[in-house]
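Read off the chains here:
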Amino acid sequence: MSELPLTAYRCKNCGHIHYPFHDRCLECRGREFEEIHPQGSARLLTYTAIFNLPYGFDQQSLILGIAEFENKVKALGQIKAQSVNQLKAGMTVKAVWEPIRSQPEGVVFGLKFEPLET
Amino acid sequence: MPLMRDVAIIGAGMIPFGRRYEDSLLDMLASASLKALDDAGLGNQSVDALYVANVGGGILQHQTAIASSLADRLSLLPAAAETIENGPASGSSAVKAGLLGIASGYYETVLVAGGEKMRAGDGAHTTDFASTMTHPQAEYPYGVTMPGLAGMFARLYMQKYNLTAEHLQAVSIKNHEMGALNPYAHFRKPINRQEIFDGPQAALHNPIVADPLRLYDLCPTSDGAAALVLSSVDVARKLGRPYVVIAGFGQATDTQTLAERADPTELKAVTLAAQQAFTQANLRPSDIHVAELHDAFTILEIAESECVGFFPKGAGGEAALKGQTRLGGSIPINISGGLKARGHPMGATGVAQIVEIVWQLRHELPENRQVPNAQTGLTLNFGGFANNVLCFILRRAEP
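Going down the list, the protein sequences come from chains A and B.
Residue numbers for the first sequence follow my numbering, beginning at 1 and rising by one.
Residue numbers for the second sequence follow my numbering, beginning at 119 and rising by one.
Just so you know, not all the hints are guaranteed correct.
Said to hold, decoys possible - Simulated pairs of lysine to any residue, SDA-like, Cα-Cα distance not exceeding 25 Å: (1) A/Lys88 with B/Lys278; (2) B/Lys278 with A/Met91; (3) B/Lys386 with A/Tyr55; (4) B/Lys386 with A/Pro20.
It should be emphasised that the hints constitute simulated quantities derived from the structure, not laboratory data.
Turn these sequences into a full structure, and let the hints guide you.
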């Protein structure tokens, strides 16, 4: 499986994992970090489907969720599902790096989660 | 930390929230401010300073430096003036600025105003505006909205504490019922249970907006403004009528992203802000007679009622269902209708919450909205998704 181009940060002092970037560790205020990438499959922690979308999205709804990877990186992503009925908290999802929105400046890529079990 | 001297609230005013297409942002702020100044008996006098809460002027109205405009418009010159922007907690942050200005001894009288004009644009742009407070890399690009974050929070909270839609509906029903009695509320109509929750057309009238949250779990998008006049207690005593003292305040922050919280169901900043306020006021949650909580989403009123300490963790839903948060209950919450029915013009909300408590503590409300003999009140106002929270505890003082 290719590495996701999402950079998370492990504090070199206490090991706390951060995503997104912080200048100082949220646990120990250390300033040195090792760059890491999400590893393995992820566990879906929570999710929602939203139907009032902000400007910049053409579709009628969007399914979003927060997942935790095997190396403890936690991140928000869009979910590739037709309905929240296909989802449950705790299920395994596979993360991919795909277009998440289009802007006049070009396509923006980000995390998407594919359910691996129902 | 104790304040260097007590600070009083001597004036309160607001304009009805809702759709105010005919009014500019400045029109609304000026109207509310004049009401507060008149209420304080300041007549044609000025104030030492004004703090003006507004979030979206720069984005939605293409207008910045709002406080300077208001000082000019109200002929408060040469009073010091600052615009305060702290997301949906801006109103409380402006009150805090006024509080510290007077508590330090630097100012004697301060005007605090909060206002927002949110209905001028289309829904997608307004939703985008609110989403600008999410993380610019880890959240915003994905299209997440504030209701979206609330939906993810609600799913976790409801699972953890076995809450059902019925618990959320109890909050919505109560707040609409109270909003119907409040001439300043955006929504002035009680919920018809059959139409909205139980009947065959319920799904149509109350659709999912951010699963599991439905339309009637969300506050509306509102225009509105509210204002207060703060002063030293020396000034307040000369008025010869009951006034309100800020007995305690607290403020705390939390991670910007929901994903980075070890337990996203813990609203840590809410708990900490309330604890600070109670310590400063030397009061306990059971000492509070009336509260205005930040119910931008029904689930939040339940969660906050627990974090603040009115109910044990996991008991807020049942308390709402059993009527403990109604007028006449053990702790009446959002008797104004809350954000849910009074409305949520972002910059105005924190100020409006305190205006409501001032009216409650001065015993000026009609019987169907007045908490009998209320002596103490609490407000909780939060920014972002609970990542910047302010809490105030107010008490009635006799002249």
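The hints, checked one at a time:
1. Between lysine 88 of chain A and lysine 278 of chain B the alpha-carbon distance is near 14 Å, which keeps this suggested pair within the 25 Å criterion.
2. Of the pairs offered as hints, the one joining lysine 278 of chain B and methionine 91 of chain A holds, with about 17 Å between alpha carbons and a cut-off of 25 Å not exceeded.
3. Among the hinted pairs, lysine 386 of chain B with tyrosine 55 of chain A is inconsistent with the structure: their alpha-carbon atoms are about 31 Å apart, more than 25 Å.
4. Restraint check: the Cα-Cα separation between lysine 386 of chain B and proline 20 of chain A comes to about 20 Å, which is no more than 25 Å; the hinted pair holds.
Hint 3 alone, counting from the list given before, is not met by this structure.
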